[in-house]
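Asks: Sequence:
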Amino acid sequence: MSAREIHVIVVGVSVAGIKVAKTLATFGKTGGYPNLRITLVDRNAYHYHALGAPRSIVDKEFGKKLIFPLSTLLTPHEADPYSPKHRFIHAELTSVSATNVILSDGQSLPFDYLVLSTGARNRLPANLRSSTLADAQEEAARMHDTVARAESILVVGGGAVGVEMAGEIGHAYPDKSVTLVHSGPRLLPLNFKPAISEGAVAKLKKVGVTVYLNEKISIPADTPFDCTIRPLTLTGVSGREYTSDLQILVTGTQLHTEYMESLESALGTPLRDARGALLVNKYLQLDSPQFTNIFVPGDVNNLPAGAKFALKAAEQAASVAQNLIALIKAPEAGKPAVLKPWDGSLMNLILVPIGRNMGVFQGMGLTLGNSWWGDVMARNMKGKDYFLSQKEKDFPPRKP
1 MSAREIHVIV VGVSVAGIKV AKTLATFGKT GGYPNLRITL VDRNAYHYHA LGAPRSIVDK
61 EFGKKLIFPL STLLTPHEAD PYSPKHRFIH AELTSVSATN VILSDGQSLP FDYLVLSTGA
121 RNRLPANLRS STLADAQEEA ARMHDTVARA ESILVVGGGA VGVEMAGEIG HAYPDKSVTL
181 VHSGPRLLPL NFKPAISEGA VAKLKKVGVT VYLNEKISIP ADTPFDCTIR PLTLTGVSGR
241 EYTSDLQILV TGTQLHTEYM ESLESALGTP LRDARGALLV NKYLQLDSPQ FTNIFVPGDV
301 NNLPAGAKFA LKAAEQAASV AQNLIALIKA PEAGKPAVLK PWDGSLMNLI LVPIGRNMGV
361 FQGMGLTLGN SWWGDVMARN MKGKDYFLSQ KEKDFPPRKP
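In terms of our numbering, the sequence shown has 264 at position 264, counting the first letter as 1, and numbering is strictly consecutive.
Hints are supplied without guarantee of correctness; some may be wrong.
Capping the alpha-carbon separation at 30 Å, the derived lysine-lysine pairs in DSS-like fashion look like this [claimed, not checked]: (1) LYS335 <-> LYS384; (2) LYS216 <-> LYS64; (3) LYS205 <-> LYS216; (4) LYS282 <-> LYS216; (5) LYS399 <-> LYS65; (6) LYS60 <-> LYS384; (7) LYS64 <-> LYS382; (8) LYS29 <-> LYS382; (9) LYS64 <-> LYS176; (10) LYS384 <-> LYS85; (11) LYS85 <-> LYS382; (12) LYS393 <-> LYS65; (13) LYS335 <-> LYS29; (14) LYS329 <-> LYS65; (15) LYS399 <-> LYS85; (16) LYS399 <-> LYS382.
Just so you know, these hints were derived from the structure itself, not from any lab.
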């Protein structure tokens with residue numbers, strides 16, 4: 001058993017952050033490192049299961065279940081519940097140095113190891129903007145009510161989330177006018193087969209969604225697109241006009257990594273790419289030889305788009321956690337840690353529910369687009385609850 005004091009800070013309690021933190025907390029409890037402390041830091045007091053956002057905008061009770069408090073995430077993993085080692089800080093990361101992080105509440109926290117899993121942010125209603133748990137619950141309910149009141153809805157962006165949102169709305173509200181506009185030649189990521197897109201288009205039409213492809217919408221910069229009813233006419237490059245009460249933009253994610261500016265300035269070298277993604281090496285460490293104790297799993301790193309899926313974020317987090325454990329154990333072992341690179345595999349499976357009963361699937365050598373087998377796979381594997389039942393296992397049981 002080691003008596004060393006070890007402090008790991010995990011900033012961003014995302015899919016990746018949760019996986020790293022829980023793995024390390026379990027290791028500290030059972031692996032002979034009782035003085036391993038984990039500090040979780042997040043700008044929100046809750047974790048939002050964003051995979052379920054398409055269902056939440058048409059099912060208010062389901063939406064309530066997607067929000068989890070962060071303060072008790074690691075409570076079951078304390079070696080001594082009467083003397084807790086781990087803590088959660090509700091604050092935003094403002095800057096990083098070689099040894100400390102600075103938070104928005106003024107705290108300066110030293111670390112032995114740092115995990116930056118701040119993720120990427122979607123626009124409303126694919127994610128939430130509230131900071132507190134109570135406000136998040138109100139925001140989710142408001143977005144549901146907004147969708148219910150709108151008579152005509154325009155969804156811009158034909159990736160998986162855009163297709164799922166349009167499908168859920170079309171299925172739940174057959175009398176609404178729902179239009180999905182996508183700038184590309186087919187729906188869903190282009191690394192999947194055309195039959196998946198063709199099936200998605202056909203099944204969206206079955207739930208009353210009108211689909212336009214190869215149509216880039218001109219988005220006014222002065223419009224917030226905050227899931228508020230706002231009658232508006234937008235124009236596509238074709239000249240076609242799209243008039244709707246509610247506009248939902250699902251056109252890519254935003255990275256907020258301004259916290260690296262001071263470190264980049266001190267080093268005189270960039271640590272981010274043009275998008276703001278953090279540069280990483282094959283071990284998912286920050287790509288600088290000076291910072292082998294800083295790891296970056298998940299959407300905030302500069303891996304390709306095929307790695308930007310929840311499943312891949314969890315795989316990256318598992319790799320990071322095992323390398324951190326190797327580094328932590330190295331002094332007792334009396335030899336340098338042997339790190340293992342992340343395998344670099346990209347997503348080759350896609351499940352996209354379209355409403356409650358249909359969907360498309362590609363994976364395991366199968367391409368099920370316009371087939372009823374695609375409906376079966378998407379409905380039973382994801383459409384049932386958008387993996388909420390799996391997410392609930394990450395957190396302590398909810399209070400009645």
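Asks: Has the given pair, LYS85 with LYS382, been kept, meaning a C-alpha gap of at most 30 Å?
Replies: Between LYS85 and LYS382 the Cα gap is close to 36 Å, so the pair fails against 30 Å, i.e. violated.
Asks: Just to be careful, I want the Cα atoms of LYS399 and LYS65 compared with a cutoff of 30 Å; is the pair within it?
Replies: holds (12 Å)
Asks: Can the restraint linking LYS399 and LYS382 be considered satisfied, given a maximum Cα separation of 30 Å?
Replies: Measuring from Cα to Cα gives roughly 26 Å; hence the hint holds.
Asks: Can the restraint linking LYS64 and LYS382 be considered satisfied, given a maximum Cα separation of 30 Å?
Replies: With Cα atoms ~18 Å apart, LYS64 and LYS382 stay inside 30 Å; holds.
Asks: Measure nothing beyond the straight line between the CA atoms of LYS216 and LYS64; if it is 30 Å or shorter, mark the hint as holding.
Replies: violated (34 Å)
Asks: Would you mind confirming whether the straight-line C-alpha gap from LYS335 to LYS384 stays at or under 30 Å?
Replies: Distance of about 49 Å is beyond 30 Å: violated.
Asks: Need the status of pair LYS60, LYS384: alpha-carbon distance at most 30 Å?
Replies: holds (16 Å)
Asks: Mind checking the alpha carbons of LYS205 and LYS216 for me, to see if they're no more than 30 Å apart?
Replies: Holds, because 20 Å separates the two Cα atoms, which is no more than 30 Å.
Asks: Is LYS399 within 30 Å of LYS85, Cα to Cα?
Replies: Roughly 23 Å separates the two Cα atoms, so the pair holds.
Asks: LYS384 and LYS85 were given as a pair; does the straight-line alpha-carbon distance stay at or below 30 Å?
Replies: violated (37 Å)
Asks: Given the hint that LYS393 pairs with LYS65, test it: the Cα-Cα distance must not exceed 30 Å.
Replies: holds (13 Å)
Asks: Quick one, are LYS64 and LYS176 close enough, alpha carbons at most 30 Å?
Replies: holds (24 Å)
Hint compliance for this structure: hints 1, 2, 4, 8, 10, 11, 14 are not met, and every other hint is.
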